[in-house]
Amino acid sequence: MLFNNFNQLGRLTTTNSDNWTNRAEFQSRISERTEELSNMVSAGEKVLICHGGSAGFIVDLFSCWNLGVAAACINPTTTENEKQNIIEFIKPAAVLEAADSEPKATPHAGATKPTNLSLDLPALYLFTSGTTGTPKGVEHSFRSILARLTLNQTYIGLDSLKTTLCPLPTHFGHGLIGNLLTPLLGGCDVILLDDKSPMGVAKLGELIDQYEVTFLSSVPSFWKLATRLSKKPQKNSLKRVHVGSAPLSTDLWKSIANWCGTEDVFNMYGITETCNWIGGVSLKDGLAVDGRIGTVWGGSALVKNAETGHITAVGEGELLIQTPSLMNGYYNQPDLTSAVLKDGWFHTGDIGLITEDGDIRITGRQKSEINRAGIKILPEEIDLLLERHEDVQEVCVFGIPDEISGEKVAAAVVQKDGCDLSGDALSKWMQNLIKREAIPETWFFVNEIPKTDRGKINRDNVREVCLKEGKS
Amino acid sequence: MDSPNIEKAISLLSSILDCPADSISENDTIETVEKWDSLNHMRLILKIEEEYKAEVDPDTALGLFTVKDIAAYISTL
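These protein sequence lines map, in sequence, to chains A and B.
Heads up: the first sequence at position 278 corresponds to 277 in numbering that gives the first Met the number 0, and the numbers run straight through without jumps.
Heads up: the second sequence at position 23 corresponds to 22 in numbering that gives the first Met the number 0, and the numbers run straight through without jumps.
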């Protein structure tokens, strides 16, 4: 299969360990795990991987790929409720709960007909929702992952990636594909940051010096903490730094460059649907303005005018992207897929401005998702969950601006007559039903949810009213 | 410990964490309050800086992991 030789595998360690897993050890462990899994799954089937951030995760992922099996990687903190919902939806043949754990067969094993190995088989599922209703699972083929890894390595350069520190979780595109697989499959060393608490972030400068880190990528909120809590690295080892998954202000951009001691700090643009980064620009590349992401790496961009619907190469409108690393679609959701994939172009839902020379600036967003510190949250999904609560009559979830995380999740709640709900009570009720980062951090208890004259909820309008009237 | 400063520390935390003040006690720490994560810790630092017109240096910020630590620090401002 695509990754069956692993000749280019680099080494991997975590910051809480002195041991490196090298290529020979990876190859041996992958070989054993592949053998074990081959009794249970075959090409074209799926395996759910519920853990991450370790050499054991890489072993599991590559063992699946060795067999032509697609890996569905989920957040290790996913609640049991969410996990079951995803299992029912994608029907994996086996579940891998933890590194080195015994694979658990599911009733779905053998349900998929054996398939010939092909680069176009599904290889990876990354979930951008899954709490209520139908999960949204982005499906990538081996071909799209290979294209993305090749483009990333070409545009970044293996010399820069030589020693990579990964401070991000490994269950979503930015951490998994950009910060982990891109260097590791280029033969580079990867160090996974284990402690993401304030104390762990405070050691960032020290860790960069200790490992002589050349590259790392993270989200703006991580840098807000790091530049405040950690001393600067002293050895000038950093060659390149990426910041992505959320809007980066020019002030923070410059502050990161100052802290890192290099102007090679790139504002990156990438989406799970495009298999991570598709473009980026550094402070060295000229004008630093909010949202500037430069030109597309190995692809094309257009804009669709919101009023006329005209699609042009220059101007402002919804950003459309074509790239060899485009997803196959959302698993088992043809309507959702056809709404964003049209004639080979991905309709991003982001508003962009493209200049005559192809330089792109992200200026806004037309989709409703909330971006909390780089984690994307669908408000519709949280609405549906909260409306299951017996004391809730109506709810509207939306994002509110936040200095640290970019956006916070907020909810406007109408409670049923005679009830006495609190945000704390609702947060506790949600704890076992949904991942923690999707639980609203700010609650507005209102008499009614404002609606348009057509009786529809406009989240921007609800946010405006709630922020104006304050909490109750 | 000066009680008004404990109350003030709890008030700062409850406003950052959007939870009732009576759900936080004098003995609480970053380990015992689930919502007190990295992002909220940074929000807390910014809130202290805003309210007290002070600049919290990195070493101090990393020493404010308990209600009592916060109360002791704001008593010096």
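Bear in mind the hints are in silico, worked out from the structure with no lab data behind them.
It cannot be assumed that every hint is accurate.
[Unchecked claim] Straight-line Cα separation of at most 25 Å, BS3-like style, residue types lysine-lysine; simulated pairs:
id, chain 1, residue 1, chain 2, residue 2
1, A, LYS230, B, LYS7
2, B, LYS7, A, LYS202
3, B, LYS34, A, LYS195
4, A, LYS434, B, LYS34
[What the hints assert, rightly or not] Facing chain A, according to a computed beta carbon distance under 7 Å, are these residues of chain B, among others:
id, residue
5, ASP17
6, CYS18
7, SER37
8, HIS40
9, PRO57
10, ALA60
11, LEU61
12, LEU76
On a predicted model such as this, the values are computed, not experimentally measured, just so you know.
For each residue, glycine too, the CB sits at the ideal point set by N, CA and C.
Verification of the hints:
Distance hint between LYS230/A and LYS7/B is unfulfilled; the C-alpha atoms sit about 29 Å from each other, more than 25 Å. As the CA atoms of LYS7/B and LYS202/A are separated by approximately 30 Å, the hinted pair breaks the 25 Å bound. The hinted pair formed by LYS34/B and LYS195/A meets the criterion: a straight-line CA distance of about 15 Å does not exceed 25 Å. Only pairs whose Cα atoms come within 25 Å are accepted, and LYS434/A paired with LYS34/B is accepted, the gap being roughly 13 Å.
For ASP17/B, the suggested interface contact is upheld, since its CB lies about 5 Å from the closest CB of chain A, less than 7 Å. At about 5 Å, the closest approach between the beta carbon of CYS18/B and any beta carbon in chain A falls short of 7 Å, and the interface hint on this residue holds. Given hint, SER37/B at the interface with chain A, holds; its Cβ is 5 Å from that chain's nearest Cβ, closer than 7 Å. Taking 7 Å as the C-beta cut-off, the interface hint given for HIS40/B holds, the closest approach to chain A being about 5 Å.
Among the interface hints, the one on PRO57/B holds; its C-beta lies about 5 Å from the nearest C-beta in chain A, closer than the 7 Å criterion. Because the beta carbon of ALA60/B sits about 6 Å from the nearest beta carbon in chain A, less than 7 Å, this interface hint is met. For the restraint placing LEU61/B at the interface with chain A, the shortest Cβ-Cβ distance is roughly 5 Å, inside the 7 Å limit, so the hint holds. With its C-beta approaching chain A no nearer than about 18 Å, LEU76/B sits outside the 7 Å limit, and its interface hint is violated.
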